[in-house]
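Undergrad: The primary structure of each chain is shown beneath.
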Amino acid sequence: MQLQYCLILAAALFCIGIYGLITSRNAVRVLMSIELMLNAVNLNLMGFSNFLDPSAIKGQIFTIFVITVAAAEAAVGLAIILAIYRNRETVDMEQFNLLKW
Amino acid sequence: MTLAEGVQIVSFGILAVMVIGSALGVVLLSNIVYSAFLLGGVFISIAGLYVLLNAEFVAAAQVLIYVGAINVLILFAIMLVNKREDFSRIPRRWIRQGATAVVCFGLFALLGTMILITPWSLDPTSPAVIENAIVEIGKHFFSDFLLPFELASVLLLMAMVGAIILARRDIIPEAAIARDRETVSTSLTLPERPREIASIGSSSAKEQ
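Each protein sequence line maps, in turn, to chains A and B.
Once you know that position 73 of the first sequence is 73 in this note's numbering, the rest is easy, because the numbers rise by one and skip nothing.
Once you know that position 24 of the second sequence is 24 in this note's numbering, the rest is easy, because the numbers rise by one and skip nothing.
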């Protein structure tokens, strides 16, 4: 159990999140991909906190703050998706072109 | 953790496989309900990783907040917008997906190389784990992280108000409110479009 394994796992999770963020067409799945990326960042912070700073665990504090911000982001994002769905009758990302042209 | 080294390695391997497999399922499966449940699997596996990393409090917070709140919220959003629609075909979409996959894999290769060649200045001995992490976290919260702690509560309040304002139905003009005043009973009722008016525009969604 080393620091490198943790970081590589977090990097893989982050890249999967980026792939889902760009390619998925359902708006709810985009939010899920953002949650995956936030979890990857949390895993990085926890790994550094455990292996480099085991006495003053500041990485855990940062992780708790990231979890808080993720909760707020999920609430506001899902509210935005509900509002868009009420107006456009779809959750397809390709048809959300209100600000495009 | 007071586990042996081999047990830690094996547990980490199992949890890593669960995290990566569930995350690939979240991204690649076509049914979004399966994706939401697999997302819960990702969160629980990451909580297990936190336990392996000597952070029991954050693991409990992860299970409570992510699995208990965010995942349930996502499931409710899926139920609310679950119009079964077939997305229109986009020509040459596979080029986009292939390019994105190549870019993501390249990013992963870059990050992996950087992680492996960086000489992390770790002492070779096992890290001295502090006895009670919750006490330490509480000390941090009320001494040097006091301002961010209070700002987080303000942020949560703002997010709650914003989510209510965004997800509410549209506000109608004053005349219509006065016309419908007899149906509005309490003073706490928000001025919003009545249900039958709101459902005229979305009658196509009701039919199917």
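For the record, the hints were derived by calculation from the structure and aren't laboratory data.
Keep in mind that a hint or two might mislead.
As the list claims (entries may be wrong) - With the C-beta cut set under 8 Å, the calculated list includes, among others, these residues of chain A facing chain B:
1. G20
2. I22
3. T68
4. A71
5. Y85
6. R88
Cβ atoms here follow ideal geometry from the backbone N, Cα and C, with glycine treated the same way.
Undergrad: Each hint should be assessed against the structure and marked as holding or not.
TA: Here is how each hint holds up against the structure:
1. G20: Hint holds; A:G20 Cβ to chain B Cβ min 4 Å, cut 8 Å.
2. I22: With Cβ-Cβ at 5 Å, under 8 Å, it holds.
3. T68: At 5 Å from the nearest chain B Cβ, A:T68 passes the 8 Å test, so the hint holds.
4. A71: With a minimum Cβ separation of about 6 Å from chain B (threshold 8 Å), the hint on A:A71 holds.
5. Y85: 5 Å, holds
6. R88: 11 Å, violated
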